[in-house]
Amino acid sequence: MALPLADRVRLDGRVALVTGSSSGIGRAIAVLFAKEGADLAICDLQPESRLPDEVPDTEDLVRVHGRRVSFHRCDVASENEVEGLFAAVERVYGRLDILVNCAGIFVRNSVVDVSLAEWNRVLAVNVTGYYLTIRAAIPLLLRSGAASIVNISSIHGRVGTGTAATYAASKGGVENLTRQVAVDYGGRGIRCNAVAPGTIKTAMSKPFRADPEILREYETRTLLPRLGEPDDVAFAALYLAGSESSFVTGHSLVVDGGWTCW
Amino acid sequence: MSLAAKVAVVTGGASGIGAATAIALAEAGAKVIIGDLQAEAGRATADAVGGEFVLADVCRAADAEALMNAAMDRYGGLDLLINNAGVVLAKSALDTSEEEWDRVLAVNLKGPWLCARAAVPHMVRRGGGAIVNVASNAGLVGFPNAAAYCASKGGLAHLTKAMALDFAPFKVRVNAVCPGHTRTPMADSFVASQADPAAFLDDFVRQQHPLGRMAEPKEIALCIQFLAGDDASFVTGAVLAADGGFTAR
Chain A
1 MALPLADRVR
11 LDGRVALVTG
21 SSSGIGRAIA
31 VLFAKEGADL
41 AICDLQPESR
51 LPDEVPDTED
61 LVRVHGRRVS
71 FHRCDVASEN
81 EVEGLFAAVE
91 RVYGRLDILV
101 NCAGIFVRNS
111 VVDVSLAEWN
121 RVLAVNVTGY
131 YLTIRAAIPL
141 LLRSGAASIV
151 NISSIHGRVG
161 TGTAATYAAS
171 KGGVENLTRQ
181 VAVDYGGRGI
191 RCNAVAPGTI
201 KTAMSKPFRA
211 DPEILREYET
221 RTLLPRLGEP
231 DDVAFAALYL
241 AGSESSFVTG
251 HSLVVDGGWT
261 CW
Chain B
1 MSLAAKVAVV
11 TGGASGIGAA
21 TAIALAEAGA
31 KVIIGDLQAE
41 AGRATADAVG
51 GEFVLADVCR
61 AADAEALMNA
71 AMDRYGGLDL
81 LINNAGVVLA
91 KSALDTSEEE
101 WDRVLAVNLK
111 GPWLCARAAV
121 PHMVRRGGGA
131 IVNVASNAGL
141 VGFPNAAAYC
151 ASKGGLAHLT
161 KAMALDFAPF
171 KVRVNAVCPG
181 HTRTPMADSF
191 VASQADPAAF
201 LDDFVRQQHP
211 LGRMAEPKEI
221 ALCIQFLAGD
231 DASFVTGAVL
241 AADGGFTAR
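Note that the protein sequences, when read in sequence, are chains A and B.
Okay, so the first sequence: first residue is 1 according to our numbering, each after it adds one.
Okay, so the second sequence: first residue is 1 according to our numbering, each after it adds one.
Among these hints, one or two may not hold up.
Covered stretches of chain B (in silico footprint by chain A; criterion: 3 or more residues with CB under 8 Å from a CB of chain A, positions within the stretch not fixed) [claimed, not checked]: (1) 157-167; (2) 228-242.
Among the chain A residues that face chain B by a calculated CB cut under 7 Å, a handful are [to be verified]: (3) Gly160; (4) Gly186; (5) Pro207; (6) Tyr239; (7) His251; (8) Cys261.
Per the computed footprint, the stretches of chain A lying under chain B, defined by three or more beta-carbons under 8 Å from a beta-carbon of chain B, are [claimed, not checked]: (9) 78-86; (10) 112-118.
Rather than coming from a laboratory, the hints here were simulated on the basis of the structure.
Note that beta-carbon positions come from the ideal geometry of N, C-alpha and C, so glycine has one too.
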C-alpha cells in the first residue's frame, strides 16, 4: 500500500536552484524544498536576510534538514555571473530538476517619477534576470525528464495597483514569459508556471505595511482576514515544482487571499 | 499535506475526476461522502475509499441539502466541498435545444451554487472550510460545438470569484480548477461524438495541449487536493488551469 500522502517526501532527491534565497519568499521556498527532500543550490547578493529577525541564514536552515546545500553569490542581472552560477551548479550537483526564480526588487513609483536608470535596473533584475537563469537552466533541465520552472511573479503583473509602474511592467513580463516558455518546452519535459503573490509579510513589503494608509488598502483588498506569509507562497511553489502538478503548465497561480478576484 | 479529521463531499464522485479525487482525499486522511446519480458506481467508489454514498441530483436543492446533512449525520461535520458533478453537450449554439441548454446549465452551474449554499452553514460551524469547483478550460476560452458547456463552465469559474467574496468573512475559501482534456468517461463520450474521433484526438488533444497528451484523472485530483488543503490557506478566488498549457497558447 502506498504511504499516506502526509508521510511522503515530495521532492525526494531532486536538485533545485532558488534565486533570491536569503530573505522572505525565496528563503521560505528553499527551506520547504529541503524539508521535502530536495538538494538546494541557493543564490542571492548576500547570504544574510534583509530582515534582522530572519536568522540563521538560509544555508544553515537547509542544512538542518540534512540536504546538500551550496550558497552562490550572484547578481541575476549579470550575464557573466549567471553563467558562473550554472557552471557551479553543474559542477556541484551534475544536474538540475527545478528552477525557482525569486530574485526581484520592488519600487513604488509612477511613470513620471521613475528615472530611466531606476526603470532599467528593475527590468534588469525582474525580467532579464529570469530570462538569463531560464536560458542557462534549459540545457540542464532538458536532461531531467520531469523538470519544473517556477517564476515568482506578483499580482502587480495582473492588475494596476499601488503606484508601482516599473514593478508592474516587470511582473507583467514575467507572466507572459512564463506562458511562452511553457508552450515552447511543454513537449520536451519542462513545465513552467508562476506564482502571483498578493501582500506577503516580507522585507520587500515591510516599509509599505508600516504606512497605515497603505496597510489599510492591503487589508481591504485581501478578502481573507490576514496577510500572506512567505510559507503561503512556498507551498504553492512546492505544488508547482513537484510531480503533483504534472498537467499544470503555463499557469500563474494567484496566492493573494482573494485580492484579484474582485 | 494531511487532510486528517477533514470531512469532504465530492459530487459526481462515482467516476472520472470525481472518483480520483475521492481516492486522493481519502489517501490524505479525509472522510469522504460521494454524491452522484450513478448508484452502482458511486457505491463502489465509496466502498473503495471507506466512505459513504448518497444518491443525489445536484440541481435539486433538497438533494443538495440532504447530501450535506449526510456528512453531518455520518461524520459530525463538513469541511470540504468538491463541486465536480458535470455533464457535457457536443452541440453548437444553433443546434442546442432549450431543454438541453437548461439541463447543462442546471447541472454544471446551478448545482455547484446549490451545493455551496447548502454546505457553507455547516462549514461555518467548524470555523471555516474550502470549496473547489471543477470547471474546465472551456470555461476560460471558447470551444466549437460546445456552447452550453462553455457557458456553464465560464459561469462556474466566475461564480467561484463571487462566492470567494461572499464566503471570505466565514473563512470559507472558494477556488476552481480548469482541467484540460482528461481521460474520463465523460471526455471519452465527447470524443466519440465527434465526426472523426481519431482526428479530433490528434488535433485537439496532442497538438493543442503543449504537453502533447491528455491528463489522467489523478493529476486533476491532486490539483483539487492542493486547493482543498491548508497548503493553500491564503488562496481564494483563484481559477487554476490544469490544462497542459492549453490556455497559455
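Results for each hint:
no., hint, verdict
1, 157-167, "holds (count 4)"
2, 228-242, "holds (count 11)"
3, Gly160, "18 Å, violated"
4, Gly186, "3 Å, holds"
5, Pro207, "21 Å, violated"
6, Tyr239, "5 Å, holds"
7, His251, "5 Å, holds"
8, Cys261, "3 Å, holds"
9, 78-86, "violated (count 0)"
10, 112-118, "violated (count 0)"
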